[in-house]
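2 protein chains.
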Amino acid sequence: MRLTYTKEAQSTECRARAATIKTRRGEIKTPIFMPVGTVGSVKAVSVEDLEEAGAQIILGNTYHLYLRPGTEVLDVFGGLHDFMKWKHPILTDSGGFQFFSLAKLTKRTEEGVSFQSHIDGSRHVFTPERSIEVQNHIDSDIMMCLDECTPYPSDHRATKESMELTTRWAQRCFDFWQQETDLRNNAFGIVQGGMYKDLRSASVEQICGIDFPGYSIGGLSVGEPKELMMEMGEHTLALMPEEKPRYIMGVGTPSDIVELVMMGADMFDCVMPSRNARNGKLFTSEGALNIANQRYRKDEKPLDPVCTCYTCRNYSRAYLRHLYKSKELLAYRLNTIHNLHYYMNLVGEIRQAIMEDRFMAWRKGFYAAMEGGIQ
Amino acid sequence: MRLTYTKEAQSTECRARAATIKTRRGEIKTPIFMPVGTVGSVKAVSVEDLEEAGAQIILGNTYHLYLRPGTEVLDVFGGLHDFMKWKHPILTDSGGFQFFSLAKLTKRTEEGVSFQSHIDGSRHVFTPERSIEVQNHIDSDIMMCLDECTPYPSDHRATKESMELTTRWAQRCFDFWQQETDLRNNAFGIVQGGMYKDLRSASVEQICGIDFPGYSIGGLSVGEPKELMMEMGEHTLALMPEEKPRYIMGVGTPSDIVELVMMGADMFDCVMPSRNARNGKLFTSEGALNIANQRYRKDEKPLDPVCTCYTCRNYSRAYLRHLYKSKELLAYRLNTIHNLHYYMNLVGEIRQAIMEDRFMAWRKGFYAAMEGGIQ
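Line by line, the protein sequences give chains A and R.
Just so we're aligned, residue 1 is where the first sequence starts under full-length UniProt numbering, counting upward by one.
Just so we're aligned, residue 1 is where the second sequence starts under full-length UniProt numbering, counting upward by one.
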């Protein structure tokens, strides 16, 4: 089923917008954050924990799932949903990012990518067609086209060549998706173009010229200064079609999300809430805190006085600090529940503010709350 | 409040018995297994997971809790219960076992034990009195006397000396508990005596001559052959008072529990279900399985077809194998939920069988179910 994107509100002060995306596995209210469930599990939490946090869609990594458990195992369960017991939509990346960041001996040709597994050294080849095929085995509701994520920094010529390859691969993904699958799932194109506005413009023209149900922006948050990321995001988002979802891949901090929503983005994914949780870095309405800090040793307060998550409803900073310092496994779950709740609550508040056309005032309050520091 | 032990059923075929222990924090239906929550958390699970598994009382380790978070922190919360949000009874060991197995530079005198923390090398001294005092800060409902767990093997003379020291320390613990605390919590004496029946007999006479509300057997499962453990258990249990709880410390496998219940034991604790879970060794009604095994790669069945735990209600062996092989944190929780449920269900079935005076028939069925192997 081709997804539908129905805009429900448009800020009168900025490009921020709220919408409902409908997929065959349910609705997604945007702006939305998608927790990352790399290998069939959002690290440290259960699907019930995700639902309680308000997650509506999660992300799976095709590279990881392809290597382990593998499509042969997923096929027994008719895909990832029944395997991991997640009933709501799943988006998968194409594998491209991990081929270059995690796999070994990666070689790219016009045809596709060959690489060696980081787990057992086995060799594999992914083409654009194969990536869509594997994602169809995973049965993700939103599949991403195989792209090349241009490294930072890259010169104009290399970035242009890479961006044009991404376009050719996007067309091949689109053709395979249209002709060789039953179209029950959706495919998104990915805009590249590095840190060059002319190339971002050209990429939007090329990628958004292919009739995908949605588009994403790749190649941001790859080491560039924050200002440059925002400049590229603003430039690119403004060129993308109004009537389809816009997804910023791999971004970002809470304030990154606030800023990019203001510029017109709808969807985000990032390992930050879950990874930071496992490292004791916890988000609160008053800023981030490091739970390992000695100052929390006898602190009876919850992590965030305004948070309604399971962790904050039940446990003190002192207990969370103790679990974290003692490396107790429960620490990772309680911290992750909190950080995911923080992110889901953040996009929930953003959406509400857009619906009521008070996003810019909300944004001001969001930054003001951080100024006093953690109480 | 001094706990009460009310026998509800006595097998007519063996020494097995069922009872209710009442404490100020609730009832304990025996025979009972107590999950081990070393440092204020039963590893990998939440208190709700414990309640759902049917846990009625958990164990805390005084040595660990004393070092981290420390009594200063626990005092802020009025003890361990509110700190970790466990509302039901808690039993704590005396610290003695860890002084000798985990701490460094341990030195024992008539007065007590001096040792060095395994965490930061700091030096500490525990006397029998100090152990009860610390356990009173933890506010555990059942406190254990400081004892010396005789190593295996030990000669008769060393075992006798050690056992007699344990008796003198038990008297000091009793006196401190009676005179220096408000008696809201209970203290249990520990029978020692190594692998010598005459010393076990003497220890029972000495320890059970002190009016504790319950008694435990220590120094079993310390490396001796299984037959010797059972011989010592049977000999010792038969000598212990009928009208008070009998607790076997640090034991054991499912069949150990079945055998020792038959000999008259009421309470057990062991890290086995939780530790094995984290190592992928899972208990089922048909025997134990290793979830890492290749044979479970595409296995859609639950771990145990007759198990009603959250893990078995929701997840396949294939998914659990995948999580375990991928070292996903969720694996540890799902596996631990299952193994704890197995143990709690085991003692629940045992209790039911005793109540209906069909324990020996139940025991026969228990062993028969293992014979076919895992399906």
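It should be emphasised that the hints constitute simulated quantities derived from the structure, not laboratory data.
Keep in mind that the hints are not guaranteed to be accurate.
The list treats identical chains as interchangeable, and a pair is accepted whether it falls inside one copy or across any two copies.
What the hints assert, rightly or not - BS3-like mimics (lysine-lysine), calculated; alpha carbons at most 30 angstroms apart, straight line:
#1 K87 with K7
#2 K160 with K281
#3 K298 with K327
#4 K43 with K301
#5 K87 with K298
#6 K226 with K298
#7 K87 with K29
Comparing the hints with the structure gives:
no.	hint	in the structure
1	K87 with K7	within (24 angstroms within a copy, 48 angstroms between copies)
2	K160 with K281	neither (38 angstroms within a copy, 53 angstroms between copies)
3	K298 with K327	within (18 angstroms within a copy, 33 angstroms between copies)
4	K43 with K301	both (26 angstroms within a copy, 23 angstroms between copies)
5	K87 with K298	between (40 angstroms within a copy, 20 angstroms between copies)
6	K226 with K298	neither (37 angstroms within a copy, 45 angstroms between copies)
7	K87 with K29	within (16 angstroms within a copy, 39 angstroms between copies)
Comparing the model with each earlier hint shows violations of hints 2 and 6; every other hint is respected.
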